[in-house]
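> As they're listed, the protein sequences go chains H and F.
Per our numbering: the first sequence = residues 1 to 343.
Per our numbering: the second sequence = residues 344 to 686.
FYI, nobody ran anything at the bench for these hints, they're computed from the structure.
Each statement offered as a hint is correct.
Using 27 Å as the maximum straight-line C-alpha spacing, the simulated DSS-like pairs for lysine-lysine come out as follows:
no., chain 1, residue 1, chain 2, residue 2
1, H, Lys48, F, Lys515
2, H, Lys143, F, Lys486
3, F, Lys560, F, Lys645
4, F, Lys667, H, Lys215
5, H, Lys324, F, Lys558
6, F, Lys391, H, Lys172
Number of protein chains: 2
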Amino acid sequence: MIQWFKYLAILAVATLSGCASTGGEGNLNGPLTIARQGSFFVNGRDVKSDYLSLLPAYASGGTIAIEQMYVHYQEPVAAKRPPVVFIHGCCLTGKTWESTPDGRMGWDELFVRRGFPTYVVDQVSRGRSAANPSSIVQAKAGKAAPETLPQIFSAAREGAWTIFRFGPEYPKLFPGMQFPVEAQVEFWKQMVPDWLNALPTPNPTVPALSQLAQKLKGTVLISHSQSGIYPFQTAILDRRGIVGIVAIEPGACPSTASDMTPYVGLPILVLWGDYVELSPRWAPRLKSCGEFVVAANRAGAKAQMVMLNDVGMPGASHMLMQDKHSLQIGNWLADWIDRHVTR
Amino acid sequence: MIQWFKYLAILAVATLSGCASTGGEGNLNGPLTIARQGSFFVNGRDVKSDYLSLLPAYASGGTIAIEQMYVHYQEPVAAKRPPVVFIHGCCLTGKTWESTPDGRMGWDELFVRRGFPTYVVDQVSRGRSAANPSSIVQAKAGKAAPETLPQIFSAAREGAWTIFRFGPEYPKLFPGMQFPVEAQVEFWKQMVPDWLNALPTPNPTVPALSQLAQKLKGTVLISHSQSGIYPFQTAILDRRGIVGIVAIEPGACPSTASDMTPYVGLPILVLWGDYVELSPRWAPRLKSCGEFVVAANRAGAKAQMVMLNDVGMPGASHMLMQDKHSLQIGNWLADWIDRHVTR
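Input sequences plus hints: build the corresponding full structure.
Quick look at the structure:
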């Protein structure tokens with residue numbers, strides 16, 4: 001009897017996956033053919049430091065590169081769609097967009113299969129984008145006060161549980177919530193120390209995104225959470241190369257009092273999952289993003305705010321690109337880009 | 344005239360690339376079809392800490408995962424060859440094996456094109472494999488002495504120049520050296536802070552490699568530099584899942600006095616580039632690895648040490664997987680595995 005139920009459940013998921021792909025042309029199953037792939041860095045600058053090493057095997061001082069941003073990409077054959085750039089959020093890396101904790105296809109591959117050249121970054125000072133260790137080495141040597149240490153932090157899972165809106169409090173679940181919590185152990189392994197607060201403002205990820213957008217000659221910047229404000233800041237810095245902005249559950253939207261000129265004519269989507277109103281952290285952000293969308297459109301932007309609940313995909317967590325219905329959501333987003341963005 | 348010379352140079356490189364692929368079956372040009380790709384973590388453990396954040400927005404304490412190892416993989420269609428695992432060296436990440444600084448194909452793709460399921464890792468506490476920030480947060484809070492800070496370091500380029508054997512001293516070049524120094528700016532961006540000395544012994548990368556090897560049910564562990572000793576330590580820990588070891592310019596080989604039992608019957612290649620005898624850092628390592636190969640074979644291993652100069656590929660730097668003749672070297676290595684390793 002249990003086996004039979006399991007079979008029905010698998011059938012249901014398979015049917016859902018099938019449905020999810022009907023909107024686009026991509027083949028979500030079978031081998032994947034790519035025209036090109038690789039990785040590179042954008043931006044970065046050289047700094048000299050006397051405190052790079054306390055070990056005899058490595059010189060104490062010299063020159064290192066910092067503020068470069070790691071980018072990994074795949075291009076589909078005969079891509080007809082604009083490139084997309086995926087920018088992860090707090091305490092995470094580009095891994096966010098790769099295989100889900102329960103081992104399903106990530107959006108990095110989904111969007112390639114849907115015909116988009118796909119670029120996944122590690123924010124500056126995170127993952128494969130080098131941080132600057134100098135102040136730690138200097139403090140360990142007793143040559144600088146502990147207060148000068150970088151303001152780094154990790155998000156403990158007990159607190160992250162509510163930030164990611166898996167439930168109202170750790171380890172309770174929201175009813176119908178679609179994050180694969182049975183594989184949560186694999187998700188927590190994705191989290192890394194966050195150097196955001198040790199970096200200058202605007203975050204060096206912003207000029208790096210600008211350089212990437214100009215290199216790509218027309219891209220949709222897709223942010224998540226902490227990185228939500230970066231594509232907007234990138235457009236303020238330089239509009240060139242940006243043909244659309246998708247802010248998935250942004251930690252912040254631009255102030256309604258800020259200059260809206262950079263967004264004139266620009267397709268903008270602010271996308272939200274479920275349970276947002278239930279979260280003291282997220283509800284105010286939802287409200288202020290709604291106000292931004294109104295102000296941006298008044299100034300001539302083509303902005304839209306969408307709750308996934310309203311388009312038939314309830315139960316989405318903050319980590320919606322990894323939810324059980326992540327391919328359905330990703331396909332909906334690919335369709336949205338198809339409809340709204342012209343290169 | 345200059346244009347004509349440029350054309351000849353391009354032709355020469357194209358011819359070389361063509362030659363390089365004659366040894367194997369792989370098509371090095373055109374679109375690439377892969378059966379599967381993705382990423383996951385192996386190993387890892389939970390730790391509780393009271394010092395994860397000094398910021399009001401994130402809880403000061405709780406549980407995080409550390410010592411997990413990030414793995415990215417691609418499987419070719421109808422793979423007939425054993426999986427290979429690429430393990431980077433000091434101060435670097437898995438980026439080592441991806442696109443070269445001058446934008447050519449990395450070994451990660453070359454080996455997929457040659458029919459090997461290819462796994463690229465970030466060592467524990469490096470890149471997308473999370474480090475533990477607790478001792479930094481604790482010291483910044485004034486709750487621990489600066490001496491307890493992690494022993495992290497970065498390799499300054501002036502010193503790294505000789506370690507990577509680009510030349511006898513910064514910024515001089517060895518004659519005929521094949522690293523693309525004209526793109527060195529892009530190479531320096533690959534370097535990240537190294538947490539090796541802040542980790543327990545054996546490095547947690549070792550049990551993670553063991554878990555990966557067992558998962559893959561038969562793999563060739565391919566190390567570089569700092570990670571040179573890890574595959575040997577992995578075999579000592581547990582021989583299961585290891586069908587070959589390739590140590591590219593290892594920082595250390597096992598002592599001749601150590602137990603050779605784990606290597607009985609195992610194909611082992613220790614591979615070296617050029618100018619090794621000219622380096623006070625590398626010459627002794629070459630010598631002791633030569634002694635290890637003799638001792639291992641006496642005990643029943645199938646070990647071999649190869650100087651690339653002796654097989655017609657002079658000019659290789661320490662970063663030989665990124666040298667101008669990197670595809671030629673990679674193809675030679677793929678052929679070596681074909682000839683020596685049976686799954």
